[in-house]
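On the provided structure of chain A, position chain B as indicated by the hints.
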Amino acid sequence: MAELHIIGQIIGASGFPQNSLFCKWGVHTGGAWRLLSGLKEGQTQVDNPQTGDMAYWSHPIDLHYATKGLQGWPKIYLQVWHQDSFGRCQLYGYGYCHVPSSPGHHRISCVTWRPLGSWQEQLAQMFVGGGPQLRNPDLIYSGADRYRLHTETMGTVELELGIIMRHFDKYGVES
Amino acid sequence: MEKMAASSDIREKLRKKRRALQDTLVKNKNEDDIQALVPSAKFNVDNQPTAMKEAEGSDEDPGESLRRTLRAQREKRKTKLLEQSFVQDEDVGEVSPTQYNSPNEGPSSRVDDSVVSTRPPTGSQRGVSVKSEQPSSSLHLDTFVTRHLQEKLRAARSKGESLQQQETSRDSSEPVSRLQRLKDRDTITRFDREADPTSSGRDDDPLTLRARVKFREPARRVEKDFPTTEEAYNFFTFNYEPDRPSKPESKSRKRQKQRDGVEEDDRDENGQEEAEVEEEDEAEEDNQDQNEFQSEEAPLVRNEDDLFVIDHSPQDFVEVRKAEYVGLKKRVQRDRELLFTPSFRTVPTSVKLPENTKPRFLEEEGLYVGQRPAVSLTNENISENRILKMAEGSKWFGDDGKILALPDPIKESSTRPPLFHMDEELDPALQTVYRKAMKSQYANLYIAGATDPEGDYQLDVDVSGLIFSHHPLFSREHVLASRLAQLYDQYLSRQQNNLAGHLTEKLNGLRKALRNMMRIHGEQGSSEALQHRISEYSLEVRNTRQLRDLEQEKDRTLLRSIIKVWKEIKSLREFQKYTNTPFKLFLRRENVDRALDEWEYEGEILKEVLELEAESEEQYQKKLAEYNKQLEEWKLWRKKQKAKRKKKKKKKKGQTQDDTEEEEQEEEEEQDQTESEDPFEEAPVKPEVPERPDIGSLEQWVREKASRIRRKPGEAILVPELCTSGGVTASDLCPRAEIARREDVSRRSLFIKILYNYKEVSRTDSRSLSTDFRVHFGQIFNLKVLNCPHSINLQVFEEIGSSYSLLAQVFVPVPDPSVVTGRAPIEEIEFSSNQHVMFDHEGVGSDVPLSFESDGSNKLTLLTSGKLSCCVSWGIGEEGVPLAPPLSQHPGGTHRGLGHLDAVSYIGASGLYDMKKIGEWAVQSRLDPNDPKNTSIMHLLKVASSGEVTDPDYFRLEHLQEEFNFVSDQEMERSKRFRLLRLRNQEAPEFRNYKFVSLLEREVSDKVFQDYEKRLKEGETIDTRQHLDPHRAVVAKYLQQIRESVINRFILAKHHYQLSDLVIEEEIPSIGILGINLFKLAESKRPLKPQRKERKKVTAQNLSDGDIKLLVNVIRAHNIPIRKPQSSKPGQSSQSAVQGSDWYLSQVQVRPFVEVSFQRTVLQTTTADGPNPSWNEELQLPFNAPNGDYSTGSLQSVKDEVFINIFDEVLYETGPGDKSRATSIHTQIEKHWLGSVKIPFSTIYSQSKIDGAFKVNTPAVLLGYSREHSSTSVYDQWRSTQGGTFVRLFITVEPQLVPGESIREKIKEAEFNSQEDERLLQASEKFEKHAAGGYPDRPCITTVIDLSGKTIFITRYIRPLNPPREFLDAFPNNPQEATSLVARYVSLIPSLPDQVSFSATCDLLSTCDQFLTLLAGDEQEHAVLLCNYFLFLGKKAWLIIGTAIPEGPTAYVLTHEQSGYFIWNPSSGQFYEKGDTFCPLQTVGCLVNSDNVWFNIQENPSPLHTNFDITKAKMWKPFFSRSFSHPGLSSVQPEELAYRQTDKAAAAELQDRVEKILKEKIMEWRPRHPTRWNRYCNTTLKQFLPKLEQGRGQDVAESHRVELQNLLGDYRISGFPLHLPFSEVGPIIEAVHSTGVHNIHSSNVEFALAVYIHPYPNNVLSVWVYLASLVRT
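Top line first, the protein sequences correspond to chains A and B.
Counting along the first sequence from 1, when you hit position 132 you're at 131 in numbering that gives the first Met the number 0, and nothing is skipped either side.
Counting along the second sequence from 1, when you hit position 457 you're at 456 in numbering that gives the first Met the number 0, and nothing is skipped either side.
Please note that a few of the clues may not be correct.
[Stated by the list, open to error] Taking lysine-lysine pairs in the DSS-like style, the calculated list, with each CA pair at most 30 Å apart, reads: (1) 357(B) with 39(A); (2) 975(B) with 169(A); (3) 1006(B) with 169(A); (4) 435(B) with 74(A).
For the record, the hints were derived by calculation from the structure and aren't laboratory data.
The following block holds chain A by itself, in its conformation from the complex (with noise of 0.2 Å):
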C-alpha cells in the first residue's frame, strides 16, 4: 500500500514547426494501481506564444496513487495538437515519458514524434493540414513492435515532476 504522489506541471513544449500549440495527456498506470485522487488525463489550453519558440501551457497535474506493487510504473502520454489559424486542430506529436521513480523534484523533457504517411499524405498535410494519426493510441505507451512505423522527430515536451513515495520502503523498495 505504497503511495506516490505526482504533483507538477506540463510546462510547455518546444521545436514544434509551428506554434498555438495545445497538449492532450494521459497517465497509465497498470493494474495494481489505483488512482486516489486527482484526475489522470486532460487537455490543456492552446497556447500561442507571442514571442519565443516555446509554448507554455504550465498545466498543473496533481495525482495521488496507491499501489500494491511496482508492475505498471505510471507513464504520462502526451499528444501535442496544433491548432492552426482556422481553428482546426490538427496532431502534432505523441510522445511518454516514465513517470520518474526516485522522490524529489524532476524536469523532464519528453520528446515527441508522429507518424510521417505517404508522400501523397505528407503533401496533402502541407496543403490542408490533418495528418496521419495512430489507429490506435495504445501504441504511443505500449511496446508493440512499430519499426515499420515511419515517424518523424518533432519537438520536446518538458514537464517538472515533484515525486513524493510513501511506504515503499516498507516493501523493500529503496528510493
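Chain B alone, transformed into the frame defined by chain A:
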C-alpha cells in the same frame, strides 16, 4: 659579456617554465601550446594531440610514461620551434638580401630570385594560417625577435651539425639552393637533439657559437654559395648597431639558455633515434610552409628590416636527402626473421592430440554435439597451425582433434523480419489514419487510450425497394393477385426444397434396407442386435412416412389453393370486365403413363397397408404380451389371496377339500374378492384382453388418405406457372370507380426516412407508386456515425400531393461490427400498419372488412403491409478496414495479445465470442492442433464442440502480478484512509469539501464512514421516524431518487464548459459608453437621490467563509396591525372602540421593528412608531455555504431561507417592590410577533437582488391586535381595505455572485432525447430566441423538461383535470366558493423550488399526477394544476409565465370571467384583479393554454397595462399560427386524477406528534426558564383551530377572541395561529422559532400551544399551530 653572467639564472628560470609547460601538456591535451608565440601551432595540432594521447594513454610503468611525456614534450617543442623558424626564416630571407645584395637591387626580387631559383619544385601551397601573425607591431616584435633569435641560434647550431653529418647527401643534391637548405636546416632542427651532445660543448659561449656557425658555414659553402661572407659581415655589422642589437642579443642569449635546457632534457632521453623517420616527414611538410612564407610575407617584413639582426640565410639550415629505400629482398629477409606465417596445410591429427591417443568422436558415441560454426578449411588450417606453435597449443584441441568450438550461435532466421515490402499490409496496431485537420468539436474529448473518441465509423444503409403485399389502393383483383403471388412463391420455394420427394426417397431407401434385414433375419434367425435394428428401422419408416404424408398433403393443398385463387381471379376479371394485374397462371399438364402410375400408386398403398398391418400387429403383440404379463401378476396375487383364505378355511373347515371345491371357491372368491381383500394390499385390476386390430379397415383408411393427399393415378401432374405477361386493361375501358382508383395510385408516391437514433438523418427521393405496387429506390446512404448506434429506423412515408403521412416504420437491427458492406445480403423486412383507410372507389382500403363471396360472408380484414428490402452494414474504409466500432472497449491497462490478431481480423472482434466462427477459422487456417501455442484455442474448441460453452473460470490481466504484489487487494480495500481519499475525490456528498485527511491510517476513525454507509444502506429502506408521515417519507425517497438520476443526467451537461465559465473578461467600454461616462462627470450631483450602481460580479470559486454577506435593506412597512387596548372585561371592548380617538391619542398604536434572521443569525432594526413605520436600515447578515463550498452548484442548493419578522415592542411596567416604586420604574420589554416574510436564499441568489413590497404573512388572528385603523388618511383607508401588511425590502448579496447559468441551454446542447417532432423543437427554439431577442426581460417558455429529462412542449401539460370530488360537492351552487376551495387546495401543496430539489437551475415540470404524488413542486407545477382545475370547472384559464416578486420567473394563472380577468397566485391561493397594484406579478411574458402559446409583445408587460385579449395579433404573438399549424399534440397529463381519500386517523396521529415535538422544542429553546403550559388555554385554542380551517383563514375570530378573553380574563394574552402546508416537521419548527414566542422571559409567563392538522384528499395536509403566551396580570 655581462649577459653571460646572468645566463645561469635565466637558464634556471627557463627550465622551470618548461617543466610547467610539460605538466600542463601532460594534463591537458587541448590546451595546445599556450606559450607558442606564433599561434600557427594550430597547424601542427594534428601531431600534438597524438603525442599527447600517447602520453596520456600510457599506464605502463612510470619510467615508460615519463619517457613518453618527454617525447611528447619534445615534439611539441619541436613544432613550436618549427613555427618560429618559419618566422625566422622569412626574417632571414628578408634580412639576408640586405646583407648580401647591393642596396640598389630590389631586395625582394633578389630574394625571390634566389629563392625561386634554388627551390626545387615542391608544391608549396600551405601555411596559410601563419600569415595572420606576421603583422608586427613593435610590441609583438620584441618577443618575436627574441624567439627568432633563439630559433636561429639553435637552427644554426644544428645546421652546422647536420652539415657536418650529411655532407655526402648534400653533395648529391648539389644544385639545390635555398629550399633544400631550408629543408636541411629543418631536419636539423629535428635532429638537433641528436646533435646536442656533440654541440653541447659549444653552448658555453653563445658568441663563439654564433661565430662558429657563421664561420663554419661559409667554410662549407664556399664552393656553392658566395653570399656567406656578406652575410657574416652583415651579421656582425648589424650586431653592433645601437639600441637594437642589445636586445636581440640578450634574447638570443636567453634563447640559447633555453636551448641548453632542452639539451639537458634531451640528454636524459635514451631512445631518441626512434623519432628519426617520423621527424623527417614532418620536416618536409614544414619546409613547404616555410617556403610559402617566404614568398608571401617577404615584402611585408621588409619594411622592418632594421629589426633583424641575425643574418642567417635559410639555406644555412637546409639539407637535401634522398628517400631511403630498403631493397625488397632485404626486406623479405628481415620480415622472415621477424614474422611467422602459418602454413595452410592440413595439420595431421596426431600432432594435435596428445601422444598415443586416438581421436574420439563424441557424436558417434551418441552424445549431443551441436553444429560447428562454418569456417573455411584454409582458415581452420591456418589457425590450427598457428595455435600449435603457441605454448600449450594443444589444449585448444578437443578429443576429436578439432579446435574446440561451441555450437553455432547463429540463428537460421533473423530475429528481425526484413522490411522488404513496405506497402504490404501493416500490423493493424501500427496503422495510422490520415485525419483531416478537424474543428475542435471533439477536442473536448480526452484521449485516454481507453475510449476511442474518433468515431470514424460509417453505416451504409441501402434502401433498395418496397413491395406492398397489401395497400389500401389495391383493387380486389390486386388482393387476389397478391395472394396468388404469395402462394406461388410458397409453391416455388416448396418445389425447390422438394421435401416430399426427399422424404419419399428416404422412405424407399429405408424400406429397402428393412426388407434386406428381414431377409437376413429370415435366413439366419434372429440375433438380438438385428432385432433391435429392425425395430429401429421400422420406427424410422413410420416416422418418415408420416412426415412425407404431411408434406404431400401440404403440397396438394397449396396447389389446390393456387388454383382456387386463380379461378377466383378469373371469375373476378370476367365479372368486372377488366383486368388490373398482369398475372397469369398457366397450369402445365404433364401426362403420365397411366398404367405405371397406377401400379406405383397401388404398390405404395399396398406397402403402406402392409406396414400398417405389421405395425398394428406388432402393437397388438405388444399389448398382448403386456396383457399376459399383467394377467400373470394378477394370478399370482390371486393365488396368494387364495392361500390366505385357505388357511382361514382350513381353520374353519379342516383340510378336507378337493381341488374342485377349490375351483368353485375360486369362482366364488372372484365375486367377493373386493370385500374380502386385505385392507393393506390393493388388488391389481384384472387386465382386459386387447382387441385385434381391424386389418380390413386399414386399407380403407390408407386409400382414403392417399386420395386426399396424393395425385390420383393417371391424373396429369399439374405444374403451375405464374407469369406477368397478361395485359392490363387500359384505363379508358374501365369503369369510373376503377379509373378513380388508378388515378389515386398514380398520385401517390413514397419515400423513406432514415432515422438514426431517432433522428432523421436522410430520406430517399420520393418515387411514385407503380401500378403493381412496387417501389424501387435503390439508394445507398452512407451515415457517418458519431454516436453509438441504438436504433436504425426506416419510416415509410406516403406522399399525396404535398402532404405526406407515415405509413409504417421498420426497425432495422444494428448490424454486428463484422457485417460489412458488400458482404451483407439484402434483407426483406416485413412491415405493416394498422391505418384505417377507406375509399369510395375501387380501392379496397385497409383495415376494412372485405369479402369475395357474393353473399358477403367470409370477410377478410386486410391491413396495409409489405416488404421493405434494405440492408444495413458497416462501411469499408480505404484499405478495406471496416469502419465499425469495436464491440467493446477494452480496459485501459490491458496489453492486447497481438499475436492473435490474424484471428481477430478474420472473424472480427465480435466473432471472438462466437465459438462457431472460431471453429470455422481454426479449420480454415489449419491450425496445428499439436502446436502448444494453439492449445488454448484447441481446448476451447473442444469444450465448445462438446456442448456447453463454459468460459474459463479465470482471466488474468497481468501475469505475475500476484507474485509481486506488496499487499493483497483486500488489504488495499480495507484501508480507511484510501477510501476516504477516494470518496473525497469522487465528491460523495458526505465528503465533499472534506478538508484534511489524516496522514496515518490509524487516525482515520471508522465513524467517518458511518453516515456514508448509512446512506448507502438506506437506498432501499425508508426511515419513517424522521418524517412523521409514512407517505411523505416514501415521497421524499422517491424525490431523492429522481434527483439523483437527474443529477447524473446533468453531469454531462455540466461539464460542458464555455469560455465565459472559465475566463472573466471585462468588457472594453466602447466609445459611446465612454462618452456617456464623461457626460456623467459633468452631471450635477444629487446626494439626496442615491442610485444603485452596477456591481462587479464575483465568481463563486474564489470565495471563502465570511466573504459573502447578505444585505437586507428594510425600508418601510405599511398597514401594520395596531394594538388593541387591553381590557380585562369583555364588555369594554366595544366601549374602547367608541372612545377610540381618545385612546388613540393617549396610547401608542404599535411600536414595530423588523427582525431578520438567516442561518440562525438574528439582526433587528430599531423600533419605529405607528402602523406605517419607516426604518430605512441596512442589515448585514453573514452567509456560510454548506461545507464551505462556494461553487455555483452548491450555492444553488442552499435551502436556507431569510425570515423577516415584524414584531411589536411592548413595554410593560412590572411591579417591583413597593418600596422602590416611588423612585424607579421597571419595565419589561416583550416582543409580539406580527407577521413574517420568508424569502428563500436560492431566489436571492438566482436574481442577485430583490426589490419590492412584500406582503407580510400575518396570522389570521392576532390576539391583542387589530387591523382596523383609525387613520384618517384616504390612502390608508383604501389600503386597509386591501387587507394586508406590506413591507418594502431590498435584499441582495454582497459581493454580487454570478448566478448559476441555467442548465437549460446546456441541456439543449447535450441533446436530451425528446419525443417531440424535430420541426416543433426547432420552431420553439426559434420562438424563444426571438422572444429573448426582442424582450429580454420577459420570460418565454415553450418547452419544458419532464422528470425523465425529456423535452416536452408545454401545451401538453394543460388539460382539464378533475379536482377532488368533495370540493365540488361542498358548494354545488356556488362555483365561486368551489374555485377558492380548489385554489386553497393547490396552495396547500408544499412548494419546493426546483433549484433546491435538483441542485441545478433547470426547469423540471412534473405532470399533475406526479405532482400530487410527490406533493412538492415549484410555482409552475402549482400553476399548471390550478389551471387544469379551473379548466375543469369550466373557466377560461391560461397559464401566465412571467416574473413576480419575490419568486422571480414564475407561473401564475389567469382566468377570464364576466367581471374581468383575474390573476391567481397558485402557491398562495390568492387572486388579484387585473388592476390590482399589489399583485406580485410584475411582468407577463407569455400565456399558455392547451392549444397555443402567446408571447406578450405589448409595450408594458406589467399586468396592469397588459391587454389579455389574445386574439389581437399586435399584442400577442402566437406560437402556432397559420404558417405552422398545431400538429395535434396529445396531452401528457392523465385523463383523470384519482384521489386517495383522506385518512383522518393518520392526521390526528400526526397532529399529536407535531404538538409533542413543538412543545419539546419550545422547552428546549428556553433552557434557563421553566416553561409552563396552560392546559386550559391549550384546549380552548385547539377547539378554535378547526373553525379557522373551515373559514379558510378568514378573519372570523372576533367572537373567539372575546370568548378567550372571557375565559382567561386574568391573563394578558398575545398569540396567533400559524398556518402552513405540511411537508416536513422542520419548517414548522422553523416557523415557530422565528416568531420568537419562546423569548418571553417574564417569570410568570405561561404558554399555550395547539396544533391542528386538517387532511385533504391525497394526503395534502393543512397545519395550524396556535401559539400564545399568557402573562398573569
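Here is what the structure says about each hint:
no. : hint                : result
1   : 357(B) with 39(A)   : violated (74 Å)
2   : 975(B) with 169(A)  : holds (19 Å)
3   : 1006(B) with 169(A) : holds (28 Å)
4   : 435(B) with 74(A)   : holds (29 Å)
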